[in-house]
Amino acid sequence: MAPYTSFFTRWVNYSPTLLVVLILVPVGAGLLGVLLPAFGWLPALGESTFNTRGFTALWNTAGFMSMALLSYATSLISTLIVVIISCFILASYFNSKLLSYVQRVLGPILVIPHAAAAIAIGFLIAPSGFVMRLFSPWLTGVEQPPDILLPNDPFGLSIIIGLVLKELPFILLMTLAALQQKEINHTINAHFSLAKSLGYHPFTGFFKVVLPTLYPFMRLPIYAILAYSSASIEIPLILGPNAPPTLAVAIMQWFNDVDLNLRIKASAGAIAQLFVTLLVLFSWWLFEKLVMAFAKSSLVNGRRVYADRAWRILTHCITLLIIFAIIFSLMGLILWSFAGYWSFPHAFPDTLVSTHWQNVLSQIPETLSNTLIVGVVSTSLALVLTLFALEAEQQQQKPLSTATSLLIYLPLLIPSIAFLFGIVWMKEQIGGGSVFLYVIMGHLLFVLPYVFLSMATSFRKLDQRYAAVAASLGCSPWRIFWQVKLPQLSIPMLFTYALGLAISFSQYLPTLLLGGGRINTLTTEAVALSSGSSRRLTAVYVIMQLALPALGFLLAWLIPKIIFRQRQ
Amino acid sequence: MSSQKHPSHFAATRVVHQTKCGVILLCLLMVLSFAALSQVDTNTANTKQTSAAIDLNKTKQWQHILQEAQQQTVYFYAWGGDPQVNSYIQWVAKQVLERYQVKLVHVKLAQTSDAVSRVLAEKSAQNTTNGQVDMLWINGQNFANMAKNNLLEPSWVEQLPNFTLTNPTQNPAMTRDFGVPTQGMEAPWGRAALTFYHNSKYSPNPPMTLPELQTWSRQHPGRFTYAKPPDFLGLSFLKYALIVLNQSQDPQVFKLLYETPTTNSQQLLLKPLWQFLDNLHPYLWREGSYFVNDGASLRRLVGDNEILLSFTFTAPDIPAAVARYDLPVNIRSYAMLDGSLSNVHFVGIPFNAAHKSGAKVVVNYLMSIEAQAKKQQSAVWGDSTVLDLSILKTQQQNLFASSSQHLSALPVSNSPSLSEPHPAWVNLLTEEWLKRYGAH
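Heads up: the sequence lines are chains X and B, in that order.
No gaps in the numbering here: position 414 of the first sequence is 414 in the working numbering, and each next residue is one more.
No gaps in the numbering here: position 28 of the second sequence is 596 in the working numbering, and each next residue is one more.
Excised from the complex, chain X in its bound form:
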């Protein structure tokens, strides 16, 4: 391609740099705000020498190793379960109508903020929870809730349940988004039909033929949830043990502790968390290598069937169980939002009232508009930047440097509480500026990686020949981008946009810290309320939190249907 510069290509060229600057500056400053205190430098507390006091304190903390181990194990185990179930569901329902049903039922879960999901799941499995109420007292014979350690069990089982239910839809939907791309779909279907015609049973055929092609598209989402779950706050905080808690929860508690000196230990902990997260990622990478090494021979051993029926029945059971868990969680939420007093062991509230909804609806308009403005602006920015950066890759015909791609995911790798404290510090250095602007920049840090993650594979797998043909017909890069590439990407773009909105809607810490508490979104209100004890009001907010992004995904699903119907 001849060098050709226009307004568009110039901006496309700048975009990867801009992207990196937008992420690197705040995260870098934030990290500095963690690294310095981790090594004992915190002038505001009169600490201005470098030492390893923080790390010593961390090491001497009772249960430090258990905290790290809990983070490591829950993250790895839950991701493993998620990947296995995803593969089973895909294998059992591949090319069948059931897949789109499963997708439709699981879709809404993706958009529930983690805190909300944890609250809902907690209510499901607690001794006084919905499951127990359904079976009491006629089956269990108890009039008062039994005293058993669920949720918050010391082994992290409840965390794993929460993470699996929450992350499964993410992996599934990301994979399905990749599958819906014509090119990938075409290759995979061709392979699959060939395998079937050679007598492979569908389940076995999927694992032998489809998965090796499909897995590369699942990889990034998997690494994202590995990193996320190893450092997540909400689910372990609500469902996890606290004697000791996971490392990330402990760090957050130290940062929030009234004893400001604990901040030094908290910063050291954040560095340790970084290592735990890296270790989780490395372990998964090793696991991939091992599976590949061991599975290679069975891929080509020619065996057509591995108890396919049994696996499919098992998948049906797992899918049903998950769907019921989700339905009961949602039902619990709805019942709580209308509940008068709801005594144990009744499975239905004693009275139904609408006061909780009236209370919330009378206060909500401004909260709602804040949520929407921040979400729309940050997601639009993220999507434009991502598309430009990916376009730059194709125009320059070389992939983004490894450093650049790694930097984009940086905000997902570092526990946000740690570097957000540093960002607040930087914000103070600059001074002034609109609070909205800061909040949007903060959201961008978390929206951008997900938008990039969700967009990159589809964009990179675009068939370059269309662009080449268009260029040979004399189209400008802008026209190729606007009229050839983007229309092919309309479905993933809409999905990505809805995902970006959902991520923005669910941000708590960036909104609170960068907005100085002056911008209230649905999530900040819900979390502030959940620190109080009104489960009913919390339920109303959680439902609102759920409805808003669900609307986004509904639109993402409906718009292409309507447009394509018009075209036909």
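No lab work stands behind these hints: they were computed from the structure.
Just so you know, not all the hints are guaranteed correct.
[To be verified] Label-pair distances were calculated between CB atoms; the ranges are:
1. N698(B) x S369(X): 45 to 51 Å
2. S48(X) x K662(B): 44 to 50 Å
3. G340(X) x P789(B): 51 to 57 Å
4. A293(X) x N847(B): 52 to 58 Å
5. L558(X) x K716(B): 55 to 61 Å
6. N698(B) x I563(X): 22 to 28 Å
7. F348(X) x A969(B): 41 to 47 Å
8. S354(X) x L967(B): 48 to 54 Å
9. K662(B) x I563(X): 46 to 52 Å
10. G340(X) x L967(B): 32 to 38 Å
11. Q363(X) x L957(B): 46 to 52 Å
12. T355(X) x K769(B): 23 to 29 Å
[Claimed, not checked] Just so you have them, the derived chain B footprint on chain X, three or more residues with Cβ under 8 Å:
13. 186-196
14. 200-209
15. 399-408
[Claimed, not checked] Residues from chain B that face chain X, not an exhaustive set, calculated with beta carbons under 7 Å:
16. T627
17. Q629
18. W630
19. H632
20. A689
21. T697
22. N713
23. K796
24. D872
25. E874
26. A891
27. D894
28. A977
29. N995
30. K1003
Every residue, glycine too, gets a C-beta built ideally from N, C-alpha and C.
Based on these hints, arrange chain B on the given structure of chain X.
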């Protein structure tokens, strides 16, 4: 609920600044002339005259603050987990807007330490004049920390006309926060005492003393728990136990609770507490292997019938929670016979607050008879007043009289009030507790 109109807001403050300079100059002149006058009169001056001069001076100063406060927007960082408290602050916002043209914005916090972090971050960034936090609701450990790190504006409380209503010279609790002198850095707002509540359907006879709590737990295994330190409410329970368990000790030893702990005093005072807890924990909810993270979760557990007995620092919230359906109707509140841990909660102004005058006007209003009486009504918030009712007129006192009592509300009791130990014990308790029970 917080509306943000930056450009216009900045323009407005600039205008205020210009007039501000004039006002400050004027005041300076007045103060100087007063000083000159009193010097001329030194020979004949009696105490009455000087105090009148000081009073006049104070009034002028207050007029100046009132003027400066107009059109300011004050950001009040306060815990936002309680719907009753939130709507009371809304009511205050309406009043101060009508009376003083001060716009009050409640920034709802999940925990107060978030605001402390913010001020700390601002200080480390050398933001000394334009802080985001104008007022914050604190006491105890948060206050001790902020005071130690010079994060609070000193000596402003005496400027407030309504502060005299608390009768601070006769009432040392108004100027000491958990035993630490407030030095005018924070103004008293309300009073709270540790109140217990129980489910009378399943536990008609609740424990009335700490030893009874031990026996009650054995009879009702798994039906009582407390929140994990460093949660405020959990620590309050530990402090209550610490005080009660050491009451039988030599008064010289008991006194050590109100001083900074030493190795010796730790040895003497903490031992009975650990013994008590070692015996209690096996009979707690989840056999003491898991403790909830905060006080609100305790109330949720009572609401779910998982536990039958709990405690709170906001006694009036119990009947309110029953009315909101968050607690069952057969909940009853009571005070322990061997004493109730009591403390005062305060409002502070950070050293770098951008709208100090506005904040002072709001704080002064919070301490007014009207606002304090409203706050004490159980239907509003039910937080006990900090005003000294004995120095008020009968008519004013009547404003504080309680209306009809809710069945779940705290009946009048003669439970002795136990004052908070020195705040340094809080850190120590947290640390030692976590060492013993924090990791299995």
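Enumerated hints in conflict with the structure, sorted upward
1, 3, 6, 8, 11, 13, 14, 15, 16, 17, 18, 19, 21, 26 and 28
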